[in-house]
Amino acid sequence: MARARFQAPKGTQDILPPASARWEQLLATYATVVERAGYGLVQSPLFEDLGVFQRESEGADAVRKEMYDFDDKGGRRIALRPEGTASIVRAFVQHQPASPWKVWYATPAFRYENVQAGRYRQHHQVGLEVLGSADPDVDVEVIALGCEFLQALGLRKVELLLNTMGTADDRLRYVEVLREFLSDRIGELAEDDREKVERHPMRVLDSKRTQTKQVTASAPAIADHLSPESQEHFERVKEGLAALRIPYVLEPRLVRGFDYYTHTTFEFVPSMVENAQATILGGGRYDGLVEELGGPPTPGIGFGSGIERLLIACDAEGVFPGPQGRVDVFVVDVTDGNHVARDLTAQLRAAGIRCDRAFDGKGMRAQMKAADRSGASHAVIVGDQELADDTATVRPLRAEFGEHQDAVARADLVAHLSALIDHTAKDQT
RNA sequence: CUGGCCGUAGCUCAGCUGGUCAGAGCGCCGCGUUGUGGUCGCGGAUGUCGGGGGUUCGAAUCCCCUCGGUCAGCCCA
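Following this note's numbering, the numbering of the first sequence begins with 718 at its first residue and continues without gaps.
Hints listed in this document are in silico derivations from the structure and should not be mistaken for laboratory results. Mixed in with the good hints there might be a few duds.
What the hints assert, rightly or not - Computed spacing ranges between beta-carbons, pair by pair: (1) P1113 to E783: 50 to 58 Å; (2) D909 to P1040: 51 to 59 Å; (3) D909 to D941: 24 to 32 Å; (4) E952 to L889: 18 to 26 Å; (5) A1063 to D923: 18 to 26 Å; (6) Y829 to S900: 50 to 58 Å; (7) D789 to G871: 42 to 50 Å.
No experiment lies behind these values; they were computed from the predicted model shown. We treat Cβ as the ideally placed atom computed from N, Cα and C, and that holds for glycine.
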């Protein structure tokens, strides 16, 4: 190797062709699913005032440690976006659009943390948010769209975990009960989890240490400590999911990292993936966040879904292979100067045919090899003979088209190829 | 931030306890067929053995540091 002086920073990666074609298709699939439900795209800055992301919540210390923050040349404290929701909420507060505001986004997210399976310093998320409605049917719609999206990718072996965090008041009461429960058994917890009991007992619930898990298996569930209103909200969400035939598993230990989460929380977890970081889509209601960012009391709910993890899950299930072949036609030119390739590719592209050619005056053998590698279903060969006859030789490259090659009049070439390609497209579906 | 494993060609890897250890397969390029790919045959190119330092007559091989990869905790998508 001509030794590379630089490489992509730790925890980041280059997504090159052909792998990048899967990304394009994934984004298109997502956009299709959410836009037909009335969601509009939001593009917001990749960096924000640090305060947008750093709030008073208990998780704040950890959040700050993982944030890519810096002072810009004007002395402003800036942070690269670590997640999608906060920017959307900031934009909502700033522009005050009419409620309910239903929006989606696709964005990179940056977190300064150690790399692990399914965890990167720059990862990519698609997500959506609904601001301004407390209706439990919105919870159902959001979860259903997440579900639809995963299905559209072909994922089947995915489990929906569902829980509720109640309201802030519910949680205060519950945390007392939970803390008491954990304090009584503090000796049975894994050592590293013991200090959390005082500070943030709900964090103990999602510890991955088996020792701790054995204890929390019998911990009191928040669902049993809800106010009647919270109870009612959760019931209606479950009812809605049942009506839409979306199976879910109640997971009392499913908690979210931030304080502003309320009521419904959910995660989709692929069963085929062994990694510790498996959640491919997670979200919940956050009825306090808009206020935290200086807006009027406004309910909100949304989810985020990690593209890298989605693709890991797709690989594990052997689904969503991505599009095959970048072009349908490859022009092979064995005339002097290759001017036919130059002109013919332009003509075919103008007619909407995806085609490519070789450069650098390669010999026919090399051009045919390139044609094969391009994934094209047909080669269009032009040499002195064809030039004289004003024709082109259309040569099939894939077994299903046989070995027969046609001499096609140049005037009929576009129509001829279009018909062949149409046929191919039909065969693939 | 803490810990385990790993770093040899574009890719996957072999290289025993330091002494032809710079190798294989795939891929790439060319030729067999100066107008036919994918199969087959033949030939070819590419490496400061991640980087730096040390031990030694001698280091891909042993030691230290560092960077990167990977996995786990924590956190989350």
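Each hint tested on the structure:
At roughly 54 Å, the beta carbons of P1113 and E783 sit within the given window of 50 to 58 Å. In this structure the hint that D909 and P1040 lie 51 to 59 Å apart at CB is violated, the actual value being about 46 Å. In this structure, D909 and D941 meet the distance hint of 24 to 32 Å, their C-beta atoms being roughly 28 Å apart. For the pair E952 and L889, the beta carbons lie near 22 Å from each other, so the given range of 18 to 26 Å is met.
The beta-carbon spacing between A1063 and D923, approximately 58 Å, falls outside the hinted interval of 18 to 26 Å. In this structure, Y829 and S900 break the distance hint of 50 to 58 Å, their C-beta atoms being roughly 34 Å apart. Distance hint for D789 and G871: a CB-CB separation of about 43 Å, consistent with the stated range 42 to 50 Å.
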